[in-house]
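> Residue-level listing of the chains:
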Amino acid sequence: MRVACGNKVFELAQRDSRVAYIGSDLDPPIVKRMKAEMPGRAFMEGVSEQHVVGMAAGLAMEGFIPFVHTIATFITRRCYEQVAVDLCMHNLSVRLIGNGGGLVYAPLGPTHLAIEDIAIMRALPNMTIVAVCDAEEMKRFMDQTLDWPGPIYIRLAKGYTDPVISRPELGFAIGKAIVLREAVGHDRVLVVSTGVATTRALAAATDLAAEGVECTIMHMHTVKPLDTEALLRHATSARLVVTVEEHTTIGGLGSAVVDTLVEHLPGAVPPVKKLGIPDAFAHKYGSQDQLMEIYGLQPPAIAQTIRDGLRRRHAA
Amino acid sequence: MANDVAEARRLDAETRLDERSIYLRRLVVRTLDGGKRGHVGSSLSPLEIMRVLYDDILRYRADDPAWENRDRCILSKGHGCIAQYVMLADKGFFPLEVLDTFCRRDSILGGHPEAGKVPGVEASTGALGHGLPIGVGRAMGLRIKGSDARVFVVTGDGEINEGSVWEAAMSAAKHRLANLAVMVDYNKIQSAGPTVEILDLEPLGDKWRAFGFAVAEVDGHDVAALRDVLKQVPLDADKPTAIICHTVKGKGIGFAENDPNWHHKSTIDAKLIDELYQALGAA
Chain A
1 MRVACGNKVF
11 ELAQRDSRVA
21 YIGSDLDPPI
31 VKRMKAEMPG
41 RAFMEGVSEQ
51 HVVGMAAGLA
61 MEGFIPFVHT
71 IATFITRRCY
81 EQVAVDLCMH
91 NLSVRLIGNG
101 GGLVYAPLGP
111 THLAIEDIAI
121 MRALPNMTIV
131 AVCDAEEMKR
141 FMDQTLDWPG
151 PIYIRLAKGY
161 TDPVISRPEL
171 GFAIGKAIVL
181 REAVGHDRVL
191 VVSTGVATTR
201 ALAAATDLAA
211 EGVECTIMHM
221 HTVKPLDTEA
231 LLRHATSARL
241 VVTVEEHTTI
251 GGLGSAVVDT
261 LVEHLPGAVP
271 PVKKLGIPDA
281 FAHKYGSQDQ
291 LMEIYGLQPP
301 AIAQTIRDGL
311 RRRHAA
Chain B
317 MANDVAEARR
327 LDAETRLDER
337 SIYLRRLVVR
347 TLDGGKRGHV
357 GSSLSPLEIM
367 RVLYDDILRY
377 RADDPAWENR
387 DRCILSKGHG
397 CIAQYVMLAD
407 KGFFPLEVLD
417 TFCRRDSILG
427 GHPEAGKVPG
437 VEASTGALGH
447 GLPIGVGRAM
457 GLRIKGSDAR
467 VFVVTGDGEI
477 NEGSVWEAAM
487 SAAKHRLANL
497 AVMVDYNKIQ
507 SAGPTVEILD
517 LEPLGDKWRA
527 FGFAVAEVDG
537 HDVAALRDVL
547 KQVPLDADKP
557 TAIICHTVKG
567 KGIGFAENDP
577 NWHHKSTIDA
587 KLIDELYQAL
597 GAA
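Protein sequences, first through last, are from chains A and B. Everything in the first sequence is counted per the numbering used here, starting at 1 for the first residue and increasing by one. Everything in the second sequence is counted per the numbering used here, starting at 317 for the first residue and increasing by one.
Where hints are given, some of them may not hold.
[Said to hold, decoys possible] Pairs of lysine-lysine, BS3-like flavour, derived with a Cα cap of 25 Å:
id : chain 1 : residue 1 : chain 2 : residue 2
1  : A       : LYS32     : B       : LYS490
2  : B       : LYS581    : B       : LYS555
3  : A       : LYS8      : A       : LYS139
4  : B       : LYS461    : A       : LYS32
5  : A       : LYS35     : B       : LYS352
6  : A       : LYS176    : A       : LYS8
7  : B       : LYS581    : B       : LYS352
8  : B       : LYS461    : A       : LYS35
9  : B       : LYS523    : A       : LYS35
10 : A       : LYS176    : A       : LYS274
[Said to hold, decoys possible] Distance ranges between label pairs, derived from CB positions:
id : chain 1 : residue 1 : chain 2 : residue 2 : range
11 : B       : ALA378    : A       : THR111    : 58 to 64 Å
12 : A       : PRO266    : B       : LEU515    : 49 to 55 Å
13 : A       : GLY63     : B       : TYR339    : 33 to 39 Å
14 : A       : LEU108    : B       : ALA378    : 52 to 58 Å
15 : A       : PRO278    : B       : LYS490    : 40 to 46 Å
16 : A       : PRO125    : B       : SER423    : 42 to 48 Å
17 : B       : GLU513    : A       : ASP289    : 51 to 57 Å
18 : A       : PRO125    : B       : ASP334    : 40 to 46 Å
19 : A       : ALA123    : B       : GLN548    : 54 to 60 Å
[What the hints assert, rightly or not] One-sided and incomplete, this derived list gives chain B residues near chain A with beta-carbon spacing under 10 Å:
id : residue
20 : GLY451
21 : VAL549
22 : TRP578
I should point out that these hints are in silico values taken from the structure, not numbers from a laboratory. We put the CB at the ideal spot given by N, CA and C, even for glycine.
With the sequences and hints as input, model every part of the structure.
The structure is reproduced here in structure tokens:
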């Protein structure tokens, strides 16, 4: 996903002279290629995230479309006021590429885990937030970034080994959810997920189908603006709604879904379970997959949560 | 260094203001009267800096604020916005009467300047330390476009406590942005007190030099001296420029000069407005 994203920035820069790249202190191959072929539009600015975001704003004010790339925690927490004031308040076409969103940097510890990036970006007016599920979807998404107004936070969930679950025939549009699996009949479960959590949710749905439990898997790659229409259409008749995200349960996709259901389905909100990272800093290292297992975000735990939710529903 | 600061302050205090500077100060008081509040001292110290920029240095079209070939002037110390508002009004970016609406509900003129609302304001500022990074990006963008337009960023002294200013300074020097000039409104008094007590900036000229800038120091109320130095920008064809403007907080209003209590007033009544006008001399 990371490589696909970098290659796409390069390709977009070749195609469109407005595209610029600003890194801080990561050194992906794209930088050398851009510096060689488009020397004026590739910058490596050092560990200075506040400046980098302000500089990107200045370039955008002059008509450029800068893609800013560094580790997700540093591009969100470290320079939050610059993101809010310089980018969102001016509503500028800057793209923030957050490397290692979620639990990717598990072995490096909690300073490097972007567990609340979606929540804090979501709180900012004008910000668009996209977390695709694999490298192929990243390509389809990046093609649309040139024409999208305002800032975008792009959450890179993983490095090199994501399985591809997205399907080109389903297309991609920023702000439009993709239904990867649709349950039939009335007695169904709606699972809403984002980023690579969708891969886990889809696997859980396959296991549950074998038991006769039908789940709709709605991939909400764009957390903001949320596809309210699609969510309501599928949630209205659902027995249970489960949200799955590699993110704290405070303020992320699950919160966005609950907010929307409460606002639009007064008195008729279906039972909802939010799956995500609890309100705590990680206390273990290991790998992204291991931390996701600890937090109940792997397919067996997701499936069990759905079974439990349905049992409670029957008991009620 | 403390002695130099004191000496600079004494000399700046002696700098006499001409008729135009007094007129512009009357517009500042008019604006304060409109809002019944405002940053008083912080708007008076940079007034000659803004005056010389708009009178003699900047390239712009008041009737076409987005003119591509204009110089970009970013008031990074957004709390000093009245100094910019009066210059923009004086130059016809908007009518003088708009000054009377300062801080009112439907006004375009808030207590900090907003791009997109105020014709001629290039960036929304108010949170400190944002103007120079944005200025670096704009200067870089202009260079890529092959434009000869320039970028002027006016900062406060308290403002440059912010680390982001020095991050941007390193970048500006690295990229040899000779089309970028930063002007420090060095009135030596920040919100809570004297800069030497809160967070001493000295040796300030050496700091900017060490960060790769060509540096000049000037009496920030001496219009001729400001004009002379600004006409020489860039001071070095291979470096960004920093001009340290020695100013007086509250300059022109005797009882407010060098008094941190006049940094900002949240209530300004008619009696006080009268006293401010009186301090400027009868019109």
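> Could you check if TRP578/B really has its C-beta closer than 10 Å to a C-beta on chain A?
violated, 27 Å
> Sort out whether LYS274/A lies within 25 Å of LYS176/A, counting only the CA atoms.
Status holds; Cα separation ~21 Å.
> Range hint 58 to 64 Å: satisfied by the CB atoms of ALA378/B and THR111/A?
violated, 50 Å
> Has the hinted range 42 to 48 Å been met by the Cβ atoms of PRO125/A and SER423/B?
violated, 21 Å
> Does the CB of VAL549/B sit less than 10 Å away from some CB of chain A?
violated, 19 Å
> State, for the Cβ atoms of PRO278/A and LYS490/B, whether the hinted interval 40 to 46 Å holds or is violated.
holds, 43 Å
> Using the Cβ atoms, figure out if GLU513/B sits within 51 to 57 Å of ASP289/A.
holds, 54 Å
> Take a quick look at whether LYS32/A and LYS490/B sit within 25 Å of each other, Cα to Cα.
OK: LYS32/A and LYS490/B at ~18 Å, within 25 Å.
> Confirm or reject the claim that GLY63/A and TYR339/B have a C-beta distance inside 33 to 39 Å.
With a Cβ separation near 37 Å, GLY63/A and TYR339/B satisfy 33 to 39 Å, so the hint holds.
> LYS8/A and LYS139/A were given as a pair; does the straight-line alpha-carbon distance stay at or below 25 Å?
holds, 7 Å
> Confirm or reject the claim that LEU108/A and ALA378/B have a C-beta distance inside 52 to 58 Å.
Holds - the Cβ-Cβ distance for LEU108/A and ALA378/B, about 54 Å, lies within 52 to 58 Å.
> Please verify whether LYS461/B and LYS32/A have alpha carbons no more than 25 Å apart.
holds, 22 Å
In terms of the numbered hints stated before, the structure departs from hints 2, 5, 9, 11, 16, 19, 21 and 22, listed from lowest to highest.
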